[in-house]
Amino acid sequence: MASVAHPVREGIRGPNIASADVQLPAVRDYEQVDRDIIATLGFTKKWFIGLALAIVAMLCGASAWIYQIYWGLGQAGYEPPVMWGNYIITFVFWVGIGHAGTLISAILYLFRAGFRTSIYRAAEAMTVFAVMTAGLFPIIHIGRPWKFFWLIPYPNWRLLWPNFKSPLVWDVFAISTYLTISTTFLFIGLIPDFAVLRDKETNPTRKRIYSILSLGWRNSDREWRHFAKAYLFLAAFSTPLVLSVHSVVSFDFAMGLTPGWHASIFPPYFVAGAIFSGFAMVWTITIPMRKWFRLEHYITLNHLDATAKVVLFTSMVVGCAYLIEFFIAWYSSVRPEQEFFWNRVFGQWWWAAWIMLLCNMALPMSLWSQKLRRNPTWLFVLSLFINLGMWFERFVIVVPSLSHEFEPWQWGGYTPSWIDMAFLVGSFGWFFMWFLLFVKQMPVMAIMELKEIVTPRFKNTHGHGGHH
Amino acid sequence: MQGVLGVFHHLDSTVSAIEELKKKKLGDVTVYSPTIRHELDDAIAGPNSVVRRYTLIGGLLGVSFGYWIAIWSSDYWPLVTGGKAIASWIPYTIIGFEVMVLVGCLATVAGMFINSRIPRLTTTVGYDDRFSAGHFGVFIECDANKASQAEDLLRHAGAEEVRREA
Chain A
29 MASVAHPVRE GIRGPNIASA DVQLPAVRDY EQVDRDIIAT LGFTKKWFIG LALAIVAMLC
89 GASAWIYQIY WGLGQAGYEP PVMWGNYIIT FVFWVGIGHA GTLISAILYL FRAGFRTSIY
149 RAAEAMTVFA VMTAGLFPII HIGRPWKFFW LIPYPNWRLL WPNFKSPLVW DVFAISTYLT
209 ISTTFLFIGL IPDFAVLRDK ETNPTRKRIY SILSLGWRNS DREWRHFAKA YLFLAAFSTP
269 LVLSVHSVVS FDFAMGLTPG WHASIFPPYF VAGAIFSGFA MVWTITIPMR KWFRLEHYIT
329 LNHLDATAKV VLFTSMVVGC AYLIEFFIAW YSSVRPEQEF FWNRVFGQWW WAAWIMLLCN
389 MALPMSLWSQ KLRRNPTWLF VLSLFINLGM WFERFVIVVP SLSHEFEPWQ WGGYTPSWID
449 MAFLVGSFGW FFMWFLLFVK QMPVMAIMEL KEIVTPRFKN THGHGGHH
Chain G
893 MQGVLGVFHH LDSTVSAIEE LKKKKLGDVT VYSPTIRHEL DDAIAGPNSV VRRYTLIGGL
953 LGVSFGYWIA IWSSDYWPLV TGGKAIASWI PYTIIGFEVM VLVGCLATVA GMFINSRIPR
1013 LTTTVGYDDR FSAGHFGVFI ECDANKASQA EDLLRHAGAE EVRREA
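Just so you know, the sequences run in chain order A and G. Heads up: the first sequence at position 455 corresponds to 483 in the working numbering, and the numbers run straight through without jumps. Heads up: the second sequence at position 82 corresponds to 974 in the working numbering, and the numbers run straight through without jumps.
Misleading hints may appear alongside valid ones.
[To be verified] Some chain G residues near chain A, calculated using beta-carbon distances under 10 Å:
(1) 903
(2) 904
(3) 928
(4) 986
(5) 987
(6) 991
(7) 1007
(8) 1011
(9) 1025
(10) 1034
(11) 1035
(12) 1055
[To be verified] Here are the simulated DSSO-like pairs of lysine-lysine, each with C-alpha atoms no more than 27 Å apart in a straight line:
(13) A:73 with A:235
(14) A:487 with G:917
(15) G:976 with A:487
(16) A:487 with G:914
(17) A:337 with A:235
(18) G:915 with A:487
(19) A:74 with A:228
Keep in mind the hints are simulated off the structure, nothing from the lab. In this text, a Cβ means the ideal position worked out from N, Cα and C, and glycines have one as well.
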C-alpha cells in the first residue's frame, strides 16, 4: 500500500473555508490525491469487526421481520389508540438522516461552499443508504409487505388506482423519486473516479469491474463538458427535491387534525430537523473515517468547523420551531392543543420531550465555542446525542399526540415490544453494513473534485503560484 | 481514427499547445485532463452542452405525466375523498413535481450519456492511463501528411511525450 501524507498540524483557531487555496494545504498534487484516496480501499481488521457487528445487528432486524410476518403485525407494540409507533418514528428518522447528503452534494454545490468537497461523497452515500433504510419501514408497517406494490399506480385487472389525495401516496412518490435521484447523483459523480481506479488497479478482476462501472470514461473535454452540465442540472433538481421530500413526510402528520400535528409550521420545521440530524450523522461517520483512514489533511478542522456552524444554525431553527409550537397552541385558544402541549413537557411522556430538548436545543449551543467546534472528539460525542435527540423528536411527535387526542376515552399508552427494538437495532445494522461495504469498494472522497481544488503543475509559475 | 497524441505534465503548456493547434487547423483536437479546468475550457472554446435540452424536455414530459396520471385515474374512479374535488390541483401538484424531477433527472443523465458517447466498451485510440492521474493529453486527429507538423508543434509546446496513434 502506498504511503499517505502526514497531516499539517492545525491550531485551535483557523480560517473559514471560503477560497480554494486554504482548503487542503497539505495536499501537493494530483498524484497524491490518487494515492491517499486509493489507500483507503485496503481492508483492515477494524473494518472486518465493524462489518461483522453491522451484519449481526442487521440479522436481529431480519429475524424480527420473519417473526412478525409469521405471527402478524400484532407482535409490534401497537395498542389503540397508538397505532403508529416505532416504525413510523424510525422511518422519519432515517429519511431525515438522508437529507444532509443531498444538502451537501447539491445545495452546497450550487452555493459553491468550499467545505463541501471533502465530505460530500460520504454524505451522498449516507443519503442513499439512509433512504434505503427508511423505505423499509412503511413496507414493514403495512404488515403484508408483499402487497406494497399496490401503492404504485399501474394498470391492473382490479381497475384500482391509489388515492392521489392521500399523504401516504405522496410519500411513495417523494421517497421513490428521492432514492432514484440520490442514487443517480452518487453514481454520476463516481464515474470519473471509477476511471481512476480502473487505470490504477492491478488486480484483473477488480480492474474489469471498475472498467464496467466507469462506462469507458476517458476524461476527454467532450465528456467533461456534458458531465459538468448534467451535474449542475442534477444539483438544481435535487435542491427543491430535498426540500419537498421532508415537507411531504411532514404532511403525513400535518394533514391530520390530531393535536400537535395540525400545524403549517411542520414542513420547514421538518426540513430544518432533517438537515440538523443528517449533519450529525455525517459527523458520526466521517470523524472515525477521518481518523482510521488517516484523512485529517482532507477533512481538516476547518471543514469540521464549517459543518459545526451549519449544525448550530439548524439547531436554533429547530429550537425556535419547538418554542413556536407552544406559542401557536397558546395563541390558538384551542383547548385540546393547549392541553396536549402542556402534556408534552409535563405529562405522560415528559422524559422523551426533555431528552429531545436537551439533545437538540441545549447541547448544540456548545458550538458557539470555536474551541469545541474544532474538537473532533466533542463533535463525535455531540453527534451521538443529536442522533438520539432527533429519534426522540419523532417519538414526541408520534406517540404523545396519538395517545392524548381530543377525548379522555381516547387516551392510552404505548410500550414498544422486543420486535420494535429489534427493528430499530436492525435498521442501524442495515445502514452501517452498506456504508462499510461502500467505503472499501469505492472512493470515500471525490477524487475528481479534490483535484479541482488542488493547484495543477505549471511550467511558468508567474501569476499561478503553482508547483514545479 | 489516426492522429498524434501529446502527453503534458503542465497545465500552461497544454493550454498553449491547444491554442497553437487551433490556429494551425491541423485537425480535430481532443483534450484529456484529470479534472475540469477552466483554463482548458477557455482554450478549447467548445460549444455549449446540449444536455439542458434533454433536461427541459424530460421535465416537461414528467410534469405532464404526473398531473395526467393523477387526474385521469381520479376521473376514472370518481370517488370523493376528504370533501375535495375529484381532480384536486393542489395535492396533484406534489405528484406533478415529483415526477417532473424524476423524469427530468433521468433525461439529463440520458443526455449526458448520449452526448458523451458512453458507455463504450474500450477507451479507444488516443487515451493514456496517465490522463486520469496527473497528466494532460492533447490528441490531434490528422493524416500522416500533417502528423510531423503536429508532432513538432506539441514538442515545442512542452509535451513530455509525443506519439502517433492509429
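Is it true that the CA of residue 74 of chain A sits at most 27 Å from the CA of residue 228 of chain A?
The hint holds at about 25 Å.
Next item in the hint list is residue 903 of chain G. Is there a CB on chain A closer than 10 Å to its CB?
holds, 4 Å
Classify the hint on residue 904 of chain G as holds or violated, based on whether any CB of chain A lies nearer than 10 Å to its CB.
holds, 5 Å
Closer than 10 Å between Cβ atoms is the bar; does residue 991 of chain G clear it against chain A? Give me holds or violated.
Since the shortest Cβ distance to chain A is 7 Å, the answer is holds.
Just to be careful: measuring from the Cβ of residue 1007 of chain G to every Cβ in chain A, is the smallest value less than 10 Å?
holds, 5 Å
Interface restraint verdict for residue 987 of chain G against chain A (beta-carbon cut-off 10 Å):
Holds, about 6 Å.
Pair hint outcome, residue 487 of chain A versus residue 917 of chain G [Cα-Cα no greater than 27 Å]:
Holds, at roughly 25 Å.
Is the shortest C-beta separation between residue 1011 of chain G and chain A less than 10 Å?
holds, 4 Å
Have a go at the residue 1025 of chain G hint: is there a Cβ in chain A nearer than 10 Å to its own Cβ?
For residue 1025 of chain G, the interface hint holds, since the closest Cβ of chain A sits about 6 Å away, which is under 10 Å.
Would the hint linking residue 976 of chain G and residue 487 of chain A be met if the CA-CA limit is 27 Å?
Roughly 70 Å separates the two Cα atoms, so the pair is violated.
For the hint on residue 928 of chain G, just tell me whether its beta-carbon gets within less than 10 Å of chain A.
Because about 5 Å separates residue 928 of chain G from the closest Cβ in chain A, which is inside the 10 Å limit, the hint holds.
Are the Cα positions of residue 915 of chain G and residue 487 of chain A separated by 27 Å at most?
Given that 27 Å is the threshold and the Cα spacing comes to 22 Å, the pair holds.
Violation of the numbered hints given earlier is confined to hints 10, 11, 12, 15 and 17; the remaining hints are satisfied by the structure.
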